[in-house]
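Residue numbers (the numbering used here): 1 to 319.
Heads up, a few of these hints could be off.
Calculated cross-link-like contacts (lysine-lysine; reagent style DSS-like; alpha-carbon spacing at most 30 Å) [stated by the list, open to error]: (1) LYS244 <-> LYS24; (2) LYS157 <-> LYS24; (3) LYS66 <-> LYS12; (4) LYS244 <-> LYS305; (5) LYS66 <-> LYS221.
By construction, these hints were calculated from the structure, which means they are not laboratory data. Source: prediction; values computed, not measured.
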Amino acid sequence: MRELILSGATQKAGLKKDWEQFKKGLVLSFHTKSQQIQKVIEYISPPAVCADDDPSISFTAATLRKNKLYVPTHTEILVYDLNTYQLEKYFTYPSLNDVHHVYPRANGNLLICNTGLDMVIETSPKGVILNEWNVGRGGPWKSFDPSIDYRKVPTTKPHTHHPNFVFELDDEIWVTRCLQKDAICLTDPWKEITIGRQLIHDGVLYKNHLYFTQVDGHIIKVNAGSLQVVQDIDLTTVGSHEEKLGWCRGIKPLTEDIILVGFTRIRPSSRVNEDGSREYYGQHGFLPTRVACYNIKEMALMWEKDLEPHGMNAIYSIS
């Protein structure tokens, strides 16, 4: 039996702005064979590291290493022992805002995808900041003020790049840039992966390929050696769903053919009127937040598991 770890969040009632939407972080344990789900971690960030007015609290994209779960909130990094589900380490910094991913390097250092500042941070295992990169290639503090505690800032949107996932290839540091629809190497600026077409997440290495998700339900498979796209898998053509699949984010290859993908229920859209007020329109998506299992060789949907009865209204990662 394979046990997976799902990270995400529980939604607040009513229509909220993006930066007010979720009330707590949530980790679920999911057994793929029995389809049983257990709620193993719930977390609410302390007021000292949140915006003062109706903050959004989520677990975002986590990384599992040697039975340790490295999982961020928007302003914190937490490390849990999965034998006991007890918190072992905790880090927070005034520069953190809208963190989307944390990744432990092979050398023990941590990489933090600090989305709100269009930045990637590298820390030592004890939490000392070692490096900071602006994913737009300028200086790390080109567009921000290091004297500000960004944990208390509700949002820094609009972002110019929106980095959302970090990974390593041959000890080099890479980051996915959602708005540029690419991934760039921070330690060798000559290297990049161009994907295009639609907003992207992830960058999960399995054997010799990287797997990215695009928000409209595509999986992009990239050769990790050549850095070229080798396959674009359109999940909207698979299965019998007539509705939009949902916000596609979070991927876990089980084999080269069997892939798990996370979908978050589509939320209402909003626009800002000329007088500065915000107006919401559209309906919640019909399909729930869920994990779906695909055979990409046969282009078949094998099964889906609804996560909303277990309190998960947004899913960020599958570990």
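These are the hints, each one checked on the structure:
1. Only pairs whose Cα atoms come within 30 Å are accepted, and LYS244 paired with LYS24 is accepted, the gap being roughly 26 Å.
2. Pair hint LYS157 plus LYS24 holds up; C-alpha atoms about 21 Å apart against a cutoff of 30 Å.
3. Taken as a hint, the LYS66 and LYS12 pair is broken in the structure, with Cα atoms around 33 Å apart against an allowance of 30 Å.
4. For the hint pairing LYS244 with LYS305, the CA-to-CA distance comes to about 17 Å; that is within 30 Å, so the pair holds.
5. Pair hint LYS66 plus LYS221 holds up; C-alpha atoms about 26 Å apart against a cutoff of 30 Å.
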